[in-house]
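A.B. asks: Since the structure of chain A is provided, determine the placement of chain B on it from the hints.
Chains A and B, in that order, are what the protein sequence lines are.
Sequential numbering of the first sequence, starting at 1, is according to my numbering.
Sequential numbering of the second sequence, starting at 385, is according to my numbering.
Read the hints as simulated data drawn from the structure, not as lab findings.
Simulated restraints on C-beta separations:
1) Glu-660(B) <-> Glu-91(A): 44 to 54 Å
2) Arg-321(A) <-> Gly-544(B): 46 to 56 Å
3) Leu-53(A) <-> Leu-437(B): 47 to 57 Å
4) Ala-20(A) <-> Leu-437(B): 57 to 67 Å
5) Leu-237(A) <-> Pro-745(B): 46 to 56 Å
6) Lys-586(B) <-> Thr-120(A): 50 to 60 Å
7) Asp-507(B) <-> Val-316(A): 40 to 50 Å
8) Asp-350(A) <-> Glu-578(B): 46 to 56 Å
9) Glu-578(B) <-> Glu-299(A): 41 to 51 Å
10) Asp-519(B) <-> Asp-350(A): 52 to 62 Å
11) Gly-328(A) <-> Lys-727(B): 53 to 63 Å
12) Gly-417(B) <-> Arg-321(A): 38 to 48 Å
13) Gly-328(A) <-> Leu-437(B): 29 to 39 Å
Covered by chain B, per the in silico footprint, the following chain A stretches (three or more residues, Cβ under 8 Å):
14) 39–47
15) 217–224
16) 285–295
17) 308–316
18) 367–373
Fair warning: this is a prediction, and the values are worked out from it, not measured in the lab.
We put the CB at the ideal spot given by N, CA and C, even for glycine.
There are 2 protein chains.
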Amino acid sequence: MSVTAPLGFRAAGIAAGIKAAGARDLALVVNDGPSRAAAGVFTANRVKAAPVLWSAQVLAGGRVRAVVLNSGGANACTGPVGFQDTHATAEKVAAVLEDSAGEIAVCSTGLIGERLPIDTLLDGVDIAASQLSRDGGLAAADAIRTTDTVSKISFKRGDGGYMVGGMAKGAGMLAPALATMLCVITTDAELTSEQLDAVLRKATRVTFDRLDSDGCMSTNDTVLLLASGASGVVPDLAEFEKKITEVCADLARQLLVDAEGASKAIAIEVIGAASEQDAVTVGRAVSRSNLLKCAIHGEDPNWGRVLSAVGTTDAVFEADRLNVAINGVWICRGGAAGDDRSKVDLRPRDVTITVDLSAGPHSATIHTTDLTAAYVHENSAYSS
Amino acid sequence: MSVTAPLGFRAAGIAAGIKAAGARDLALVVNDGPSRAAAGVFTANRVKAAPVLWSAQVLAGGRVRAVVLNSGGANACTGPVGFQDTHATAEKVAAVLEDSAGEIAVCSTGLIGERLPIDTLLDGVDIAASQLSRDGGLAAADAIRTTDTVSKISFKRGDGGYMVGGMAKGAGMLAPALATMLCVITTDAELTSEQLDAVLRKATRVTFDRLDSDGCMSTNDTVLLLASGASGVVPDLAEFEKKITEVCADLARQLLVDAEGASKAIAIEVIGAASEQDAVTVGRAVSRSNLLKCAIHGEDPNWGRVLSAVGTTDAVFEADRLNVAINGVWICRGGAAGDDRSKVDLRPRDVTITVDLSAGPHSATIHTTDLTAAYVHENSAYSS
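One chain only, chain A, in its complex shape (with noise of 0.2 Å):
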């Protein structure tokens, strides 16, 4: 199912040889119409990889005819050749298409700072289309994994009976303002690109953007909506707001529990914060105290460890009124030590964690994981 859930999208999923090990690496996905209507984000790195610059650039016009992916290379800081070997690839399948480059989206997905084999991935593209098919969502996403161990898919019915579709990848570097994520969803319902901005804008606010597994910022997320009009569904706003919202946080739900080493995945709710801006800054600053995310490893409730977190922060609190629960047992009340720590279970695997700043009425979670050997493994040994 996946991104050809919705009528309208067709898609493919081959290995080019981009990869060296003969895995999937290539990945289209095609928007037949009638609509072209589409959205996206991007990363907010100040270092933008190659596809990022591009398909910006396609996105400001708001149509996209079909969005090309690769892994086993992100192409970023990869020097104006880099750009070159972008802009080929869209030309490419603008050809094979009999299309415009200028709406065709590239993301790329791997080892940053060298050059895609270019030649590989333009013969791929021939395949890929060649493939094209409203079968082919699985395929597509499974071509986009890196040190994925799963293909994340997800996709919903809205009222009136359009469709929604979406995959993704990322599995290390989820981190605020996108993580290192590729995204495509895909619907069937007709909306201007208008529409599809402002709701892709608001859904990854308070999804993916609030994932933050270790902190670190990619060069190339990409979050695209397409959408194909082809149910001839005219969505009530809010309610499909509601659905793509749904989409992608079941799929940063996926991203979360497949992150590289993780053995917990743990919900930062901050509750009691005199703004939202304060309490996803104090979420984000737990979310990243490594010393934290060690001892939920351990499954050590040291809420001293959360204390110290939100200490650093600039979020409006008193010391002495902040109180901290661990899944559902208030360990620190009043800035010190409240019920007994012995009755935290932390043996399962999701882990709440919730801070109370005792100076309002707004509240965000942020979600991460522990920090493990594993972790440590995975990413001193393999070169992402």
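C.D. replies: Chain B alone, transformed into the frame defined by chain A:
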């Protein structure tokens, strides 16, 4: 030697029974004058331990007769009773010295959130006072260790024959705006508390403040500078600042080398910055990239992870003018691949990563460590 290298100081380090294992856990450093001029800098964390709140008040007066330091408990996040315990400790030291509690600084280090065994600690003060000696510097340095594998001490002779001595502890949580560290520096030079304050702030800003082993900031960081004036030497202020900076740098280096689980000492040298602040910001961002720290652990010269960290900052730079060298090999030039990465030798323990922003004449160096399975183990198995 340590804090008793300068004239006018006595010290002791004893096992009071605060630590379960019977190791030394209480240190006392006494300034017998004739001067008591002193200065201190404290953690920027807004969640401050009771001894930090107390000692900041003491130092506001510019005079310190004695410093009492304990390991085995941070006395942080312990509420009003924790503050009372700190106060009682200062009163006890004042009583045994027949002096004023208002000139007794208190430092604590260990687990956050648990009350100190205060009776044990107060009894220990009596024992420590009975063992005060001109030879006690090493025992004092030993008594403030937590996960430190070795004591950290330093001393220098200044022009005209005055001495500077110091001791420090700290192995994890080394971070900006001071690390988890307690540090006491003594001198027998004659200076005012205002002079000491200005010198200490300048010295810590370019030494301890530029350590960032794991991005975590402690609730207890304290650096104290005490002057007895016993040598009768009034030093040249610039020369004195140089000596204090050297002692701070020496202790900082010892902290970094002993950082929990580290196998590499990494200097992030940022050059070509538009301002010193930009250089510090970029150095800090790079030093906090878990992905990069894992790569260096794996001896992989992964400059893409350097650039993606640089890109998260608001420093002045253009992505296509960034250059990166690892151990002297410029493997990234103009934001793209430069010299052959196979030329980089990452086997030595000391690693230098040079980031050239090509944006100005300013520079700064941040010191960090690699991220290892041993770090994860130490911080998941040990509650600190």
